[in-house]
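Peer 1: The chain contents come next:
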Amino acid sequence: MEQVLRRKEKGNLARAFYRFKKNPLSLIGLGIILTMVLIAIFAPFIAPYPGDAGGAVHFKEMFQSPSWKHSFGTDEVGRDVLSRIIFGSRISLTLGIVVLSVAVGVGIPLGLFAGYFGGKVETVIMRITDIFLSIPPLVLALVVTAVLERNLQNSMFAIAFTWWPWYARLAYGQTLSKKEEDFVEVSESLGASRLYIIFGEILPNMTSPLLVKITLDMGYAILAGAALGFLGLGAQPPTPEWGTLVSLGRIHLPKMWWLSTFSGLAIFVTVLGFNLLGDGLRDFFDVEVD
Amino acid sequence: MNQLLMKTEGLCKYFFRDSGFLGREQKVIKAVDTADLEVKHGETLALVGESGSGKTTLGKTMIRIYKPTKGKIWFEGDEICSVEGDRLRHYRRYMQMVFQDPTSALNPRKTVLDIISLPLRIYQDLSRAERRQRVKELLEMVELPGDFLYRYPHALSGGEKQRVGIARALALNPKLIVLDEPTSALDVSVQAKILALLQRLRREFQLTYIYISHDLSVVKNTSDRTVVMYLGQIMESALTDDLFKSPLHPYTRALLSAIPIISAEEQEVIPEEITLVGEIPSPLEVPPGCNFVSRCQEKMPICETDEPPLAKVGNDHYVWCHRYL
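Protein chains in written order, with this note's numbering: chain A, 1 to 290; chain B, 1 to 325.
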């Protein structure tokens with residue numbers, strides 16, 4: 001009998017996937033992201049010139065336009081642009097994952113505590129959150145990176161530093177509505193611990209909006225990382241970070257157009273992929289995220 | 001049977017709301033005001049009253065879901081109004097609640113097994129298999145098939161959800177269950193089945209019920225004693241038969257006259273129709289004197305100024321009204 005039920009749950013999953021499939025745009029988004037992840041994982045095997053990811057120099061081949069040998073051309077020291085962009089996917093995806101792990105890990109518990117406990121806890125947490133939200137994220141990230149040493153780790157930290165308040169707000173709003181439900185009162189009256197009620201009863205009820213927001217934000221975080229790189233405040237050369245690549249290629253525009261164009265396209269396609277998937281998930285779960 | 005299970009004395013539950021500039025004024029909502037009650041072992045005590053009369057708040061305060069503002073509660077002779085922490089947990093397992101809205105009472109992200117297991121996980125040291133066995137037994141008690149274990153609430157009907165809620169309330173072998181309008185969110189056909197189930201469980205496990213309802217025809221058939229509430233205060237308390245035969249408080253009489261009548265037999269019992277004018281006043285602006293004064297059709301000058309005293313008018317029949325002094 002249990003076997004039958006288990007199969008039925010699986011049936012629900014299959015139906016969910018069917019519903020998701022009916023939205024072709026989100027499937028395209030999913031396809032883009034899966035491709036990006038595979039490229040990032042297998043970068044050393046896919047890149048035609050894996051050695052060019054770092055500080056290699058081949059002056060004989062500098063500034064070659066796209067050809068069969070170098071599909072995306074070569075840069076000012078003769079490195080293969082395609083190989084560098086392929087390795088850049090590792091950096092962008094890592095940045096997105098790290099930034100969102102920190103933002104979710106910090107913001108969600110704070111929002112849960114503020115919403116559940118109320119009173120002074122709420123006032124302190126939510127006013128700090130409001131202060132952070134009142135400063136444009138990129139400006140705040142610029143300030144943080146300007147103070148610290150310019151490298152990839154610090155740019156991730158700077159973006160995460162501006163990102164958690166959105167998750168605190170999301171969790172706070174969700175908690176306020178969920179904690180009024182009777183099942184929370186049941187757990188309280190049974191004497192369940194507060195941590196269990198917060199993380200065991202309330203948190204599972206916000207997974208759908210959370211998943212949608214994380215997916216959409218992956219794109220935006222990658223974009224913010226590229227922006228810092230472009231401004232020279234993120235990853236430093238010779239790291240093949242996409243924003244940095246766009247910035248380095250900019251001085252050779254418009255003649256050596258392939259330098260900035262292809263790295264810019266890589267950013268564009270990735271962000272688009274996460275957005276399409278996020279929108280698809282939003283329709284699928286039927287939730288609102290701010 | 002006539003042993004006292006629970007007794008309250010001067011039980012109050014006030015809610016405070018900040019208002020005015022920067023919350024400098026504090027308004028007091030007297031949701032339950034000086035409630036004196038006795039609950040006997042094995043009886044069904046009905047709390048009736050219109051919406052906003054504080055019957056749910058009283059039920060939740062009695063079993064310490066809400067912290068009382070003032071007053072005393074005795075449970076089997078122990079004063080439980082001021083106990084906290086582990087001592088409170090000790091008493092809580094004997095006092096459970098079934099909620100009005102079965103959808104809100106079950107976490108949509110949990111399976112039936114998880115939902116009914118929760119009290120077992122908190123209070124009993126059982127292995128996973130033992131817990132599952134116990135949950136299966138509980139499902140059987142509420143007449144649900146054992147294969148419901150892995151279902152989520154969205155896959156259950158309203159009546160099935162309420163049965164799961166009842167199973168959860170039964171998990172720790174409680175003595176007292178507060179039933180907060182357990183059938184009002186259900187279809188009429190399902191209501192009768194749930195009521196029959198509750199009756200059976202009461203006999204089987206010697207349970208005591210506090211039955212909160214505004215459905216007087218159900219109260220008449222299911223409860224031993226009835227307490228009528230209005231605006232946070234108890235107006236009248238009597239054996240159900242007495243109350244329906246000879247309601248004394250003007251509010252009780254108005255309430256009973258509003259029951260839809262089907263049979264001629266009922267027609268004789270129920271007083272001629274009294275229509276109350278106006279709405280129940282806001283609990284923020286409780287009138288001085290008797291709480292019911294603004295709508296009472298038999299008010300006297302003293303009702304405007306003095307709170308009504310308690311009058312014992314018969315065996316186990318009490319009324320809080322100036323007319324019966």
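Hint data in this document are derived by calculation from the structure and do not stem from the laboratory. You may find that some hints are simply not true.
[Claimed, not checked] The calculated DSS-like cross-link candidates involving lysine-lysine, where the alpha carbons are at most 25 Å apart (straight line), are: (1) B:110 <-> A:179; (2) B:245 <-> B:30; (3) B:7 <-> B:220; (4) A:120 <-> A:255; (5) B:245 <-> B:60; (6) B:67 <-> A:179; (7) B:27 <-> B:40; (8) B:67 <-> A:178; (9) B:40 <-> A:179; (10) A:22 <-> A:69; (11) A:178 <-> B:60; (12) B:110 <-> B:7; (13) A:69 <-> A:120; (14) A:120 <-> B:245; (15) B:220 <-> B:245; (16) A:120 <-> B:175; (17) B:220 <-> B:110; (18) B:7 <-> B:30; (19) A:179 <-> B:193; (20) B:220 <-> A:179; (21) A:178 <-> B:110; (22) B:27 <-> B:7.
Peer 1: Compare the structure with each hint and give your call.
Peer 2: Hint check results:
no.	hint	in the structure
1	B:110 <-> A:179	16 Å, holds
2	B:245 <-> B:30	31 Å, violated
3	B:7 <-> B:220	23 Å, holds
4	A:120 <-> A:255	60 Å, violated
5	B:245 <-> B:60	29 Å, violated
6	B:67 <-> A:179	17 Å, holds
7	B:27 <-> B:40	36 Å, violated
8	B:67 <-> A:178	21 Å, holds
9	B:40 <-> A:179	34 Å, violated
10	A:22 <-> A:69	40 Å, violated
11	A:178 <-> B:60	19 Å, holds
12	B:110 <-> B:7	36 Å, violated
13	A:69 <-> A:120	64 Å, violated
14	A:120 <-> B:245	54 Å, violated
15	B:220 <-> B:245	11 Å, holds
16	A:120 <-> B:175	38 Å, violated
17	B:220 <-> B:110	37 Å, violated
18	B:7 <-> B:30	20 Å, holds
19	A:179 <-> B:193	31 Å, violated
20	B:220 <-> A:179	35 Å, violated
21	A:178 <-> B:110	14 Å, holds
22	B:27 <-> B:7	29 Å, violated
Hint compliance for this structure: hints 2, 4, 5, 7, 9, 10, 12, 13, 14, 16, 17, 19, 20 and 22 are broken, all remaining hints hold.
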